[in-house]
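Chain R: place on chain C using the hints.
Protein chains in written order, with our numbering: chain C, 1 to 728; chain R, 729 to 1233.
Some hints here could point you the wrong way.
[Said to hold, decoys possible] Straight line, CA to CA, 27 Å or less: simulated DSSO-like cross-link-like pairs of lysine-lysine:
1. C:K646 <-> C:K514
2. C:K123 <-> R:K1093
3. C:K381 <-> R:K930
4. R:K1009 <-> C:K51
5. C:K629 <-> C:K691
6. C:K139 <-> R:K1093
7. R:K1194 <-> C:K157
8. R:K1194 <-> C:K381
9. R:K1093 <-> C:K703
[To be verified] To give a feel for the contact side, a few chain C residues facing chain R, derived at Cβ under 7 Å:
10. P72
11. K186
12. N189
13. D197
14. S334
15. S339
16. K372
17. R402
18. T671
19. T674
20. M675
No lab work stands behind these hints: they were computed from the structure. Glycine included, every Cβ here is placed at the ideal spot set by N, Cα and C.
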Amino acid sequence: MNTKSLIAVISTALLMGSMYAQEATKNDATKQETSPKPAPATSAGVATNWKQIAIPTLPPFKPQEPKRIVFPNGIVIFLTENHELPLISGSAMIRGGAASEPASKTGLVELYGATWRTGGTTKLSGDQLDDYLEARAAKVETSGSEESTSISFNCLKGDFNDVLGIFVNLMRNPAFREDKLALAKKQMNSSISRRNDESEDIASMQQDILGYGKQSAYARVPEYATVAAVTHDDLLQWHKQHTTPNNIIFGVVGDFDSKEMEATLRKVFGDWVKGEKVPETKVAIAPEKPGIYVVDKSDVNQSEIRMIGLGIVRKNPDYYALQVMNEIFGGGFSSRLFSNLRTKAGLAYSVGGGVGSGWDHQGLTVLEIGTKTETTTEAIKGLWEQVDLLKKEAPTELELKRAKDAILNSFIFNFDTPAKVLREQETYEFYGYPRDFLEQYRNGVEKVTAADVLRVANKYVHKDELKVLVVGNASEFTKQLATLGTVTPIDITIPTPEITVSTNKATGNTSEGKAAVAKFVEAMGGANMVNAVKTLHQSISLIQQGMEVKLDQSIVYPDKQAQKMTLPQGEMKRVVTPSAAFMAMGAQVRDLPPSERSSEAASLKRDFLNVLQHAGDSKYTFSASGKEKLGDAEAIVVEVNADGAKSQWWIGPDGKLLQEEFSEVGQTGPTTLTMKYSDWKSFDGLQYPTKYEMVNGGQPVAKMTLSSMEVNAAVDPKLFEKPAQVAQ
Amino acid sequence: MIRLRAYLPLLVLFCALQTGLAQDLASFEKRVQVKTLPNGLTVLLLQRPQAPVFSFFTVVDAGDAQDPMGKTGLAHMMEHMAFKGTNNIGTTDIAAETAALVKVERAYADYDRENNRVVNQDEKKVAELKAAWEKARQDADQYVVKNEFGEIIERNGGVGLNASTGLDSTQYFYSLPANRLELWAYLESERFLHPVMREFYKERDVVMEERRMRTDSSPTGRLVEQFLSAAYDGSPYHRPGIGYMSDLRHFSATDAAEFFKTYYVPSNMAVAVVGDLDADKTFAVIERYFGRIPSGPKPEEYITAQTKQNSERTVLLHDPSQPFYIEGYQRPNFRDKDDPVYSVISSVMSEGRTSRLYRTLVRDKKIAVASAGFSGFPGDKYRNLYAFYAVPSQDHTATEMANAIHEVVERLKSDGVTPDELKMVKTRSKAALLRSLANNQGLAINLAENQLKYGDWRELFRRIEKIDAVTNEDVRRVANEVFVNTNRTVGILETNKSTAKGAQQ
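Okay, chain C solo, but in the shape it has when bound (with noise of 0.2 Å):
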């Protein structure tokens, strides 16, 4: 998940131009003619049936090969000069890439990639960069993807000089400015936090977890806690590391004269030292089993849902008839899975698929469709006696001659401007790939049989070994899905960072946070006051969003709470007990979600009356990290780790706690909470704060105010038992 993909959907669901068709899986390379089919067109000039058109012989076209140098510093370099437009472009791919950035950094290259630009050089900052590039109408661009990381260019002919300048500047001397990494990791915090908005992201990050296992290079996303621990330094080493000329492939491609590029180009790279060649990343790929994966998204009325297995590398000679495969499977208009699961049974707009094939690894295998969530279960079987059919017959010569026919007449758009048969040509360079790799994929699709198509599918795909994974309403569906198999939900819960320390000292001091806290007990009334509390009962009244709400609470220390609130729409329950944590309204009972349970039962444990009195348990840690000013008095702030429970504590100079700052996650994603108390009175002797502002990022939330409280009431069992589920 990264923030482009993440504006993209947006995008899209905004600008909803309702397209007819998605692409399905479409090949990667095809080719020019097979046998036309001239048949006489009607002298009256204009046919009546397709198929007495003539087809006249494409006229040859052999596209303009790219220039190929080596420079003595390893650098390759591809050149093609394309004089339709005064333009010019240039990108280089620089191996190494996410797959090798190590576990506990995850999300290193892609914020090396969005730093690398727009960090700076040494000389200029990236918003220097930007406006004078901006002005001229140019781009540079930098990124970072599995397998390599890029920085490209994007200009007119007459700003070239100006442009490559800055290019091989950012290239050579590049500044990876703290603000911007900061940002940069702000952005990618966001989309951590959103990635559980969508069905389809959700879909696609499990998809890479199924098919290559959760420890896979390959399916790894960034967290919270990997994005907090790339440092400017990791930056600065990655690309010492890995952009060293002999590294690097760059093409350019415009309107330029390649002996005059040549002669450029060695001015600013000849002088450049080779580095060390960037090792090969062996990627560990290790499946999930096999069965049923369910994510509940209940805000959705349709399912997605993926096969997912493995598929193969470019290189395997059953390459060719896997495409031919994919093209009849489910590759276009007039595939089976289009024709069969969306035409004949209307049930998606979305669907289609095949086995994957990647450079350099495994591709996955991914079939897909997107169905209302009451044909879910029909969805899945119908994909399923596709797969069936697909490896009980081969296909028929007619289907077997459309396949071929499509990819190999639709061939020419593989190189039919100079800009595609660089890239290609780049491609084959990186991976290490035949020049002519795209010559004998054509020859390759010509020799494929029917019994070669049935013999690849059979070889490559599995249904035994299919993961089949469906987000959806998962309430609706799952009783039904059960009977196709062993149903395995996953959590999607997004995990919570560690708390950071925001103060200045590195560690802290155990005596000073322990003294603190011994201040904190006796502003409350003194260890055996503090220690008497059994249970709490509060009536508060609570403002958010200009509402009021009436809120009353009893806790029973140490484990069970019970709240009750008064909504315009009646009254809402909340229990949390060790054995139980649900809420109900009127006849409905709900269990509260996994994360919003083991959120509620962190939120008693932080309650700051429960860790005092257990301040002497040695699971309990509170250690002083510095002084900060909260209004006119000095706090000493306390990092409180109350049985893994984490909070901080601002405690002031009469004891009194002014300020508390935690962590929650919620189904999206964890927030950085402050709580500030004020106003204490005595309750029976307890000294207890009566006003409370809860502030997030920087904006109040919400406020409150406690109108009563009991201390040792008696608190009646039934509040902590479950109603009988009325209705679901």
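Frame of chain C, contents of chain R only:
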């Protein structure tokens, strides 16, 4: 003195560059040919002999804004039907199939009438009529050769085969090897000469899935539907282009055929072809095939006009997903003389990392992941919205987006744009046009759309001159006229973590 000398060569270079650009554009302009066939169809052609391939773009001047009341989504449905073949593509026996399809329509009308009955509905009768309709469909289906139309295109090397329907227009497009010109002319003209409404009701199911995907199951899809229905009243832009679910369950193949008859007439369409083609031969082939489509009057162009807004409107959606903010201001349609001014505003506000919204919300305040402003939401043929949106960063709220966007907009209203910004916008718009010329499909789209919208494809090139003429005064004037509270509709998606079921309707 020294400064002047240092800048002189740069200045000369800049002028030279501008002339060079103009020449390139002019040479392209000269190569475009246009013809109106006797039946009223406008055909545009541009030779681009880079490789033996070509692309085309057919555009129909009708979209979902033209959907009849109670039949929203019909224009889009018709677009899907244009892939179902003709009287000799996609059928084994057109005579028998036609007879069977007539029966399907009769059976459907009976069922639909009874199904919609409010008082004294006979459930048993509804079930019987439904069964009869389904039986009639099965009968008709036996003559169908599935997806033959798309298959012919694909096996002949067609790529990028697709179509789209907007509120304003409907478009069809793909690319083929150059030796398939006549085949294309046959297929594309037959598509609009002899369409057959086969498999209509299955395709309706497909469209319902499309709606579930784009609108019902997508947080921004849900917000946008509500936002537009609040922003517009008289205008058909208040309705979702994809259609309301109940209308999708109601309209018939007869309705689609009627829509087709009214709007798919040559006088209401344009076709552009770009690629390695011989001009004379191509025009001859196109005239032969497309000339067969019977002429018809340009359809009624009246639609209810959008009333001028006089009060701020707000849509607040509590949703389980992360927050999102959008606001829109009513502006005149695309033919307005100030249209280029809006382009300048969009460029300054939204384009690249120098844009004001990026710099303020993303770079400096660090409260958003992305933010931009754009015209023409959801169309631009009629009075429409100039919209701003922002995607909040983690822990930031939609309200913060609103405040920050307003701050940027107010600055535009008071100070306008700087000379540097204006110069940058003008340079970029020329470069963007130049870059768009390197692509057959992109060119076909631009030529056909400009022809349809302005009655003259040259507007594609004239646009640059109009943008060149925009002044800072223009920007301030338009911004002060349009970006005012009473002309605003706000859409807020706010996270509601306890919402278990938020989406469905």
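A quick look at each hint next to the structure:
1. C:K646 <-> C:K514: 16 Å, holds
2. C:K123 <-> R:K1093: The given pair, whose Cα atoms are some 25 Å apart, holds under the 27 Å limit.
3. C:K381 <-> R:K930: Answer holds: K381 (chain C) to K930 (chain R) is near 19 Å, not above 27 Å.
4. R:K1009 <-> C:K51: 20 Å, holds
5. C:K629 <-> C:K691: 20 Å, holds
6. C:K139 <-> R:K1093: 24 Å, holds
7. R:K1194 <-> C:K157: Holds, at roughly 25 Å.
8. R:K1194 <-> C:K381: Since the Cα atoms of K1194 (chain R) and K381 (chain C) sit roughly 58 Å apart, the hinted pair is violated (cutoff 27 Å).
9. R:K1093 <-> C:K703: Since the Cα atoms of K1093 (chain R) and K703 (chain C) sit roughly 26 Å apart, the hinted pair holds (cutoff 27 Å).
10. P72: Since the shortest Cβ distance to chain R is 34 Å, the answer is violated.
11. K186: 6 Å, holds
12. N189: Status holds, d = 5 Å.
13. D197: 4 Å, holds
14. S334: 3 Å, holds
15. S339: With a closest approach of 5 Å, the S339 (chain C) hint holds.
16. K372: 6 Å, holds
17. R402: Holds, because the Cβ-Cβ distance from R402 (chain C) to chain R comes to roughly 5 Å (cut-off 7 Å).
18. T671: 5 Å, holds
19. T674: Cβ of T674 (chain C) sits 11 Å from chain R, so the hint is violated.
20. M675: 15 Å, violated
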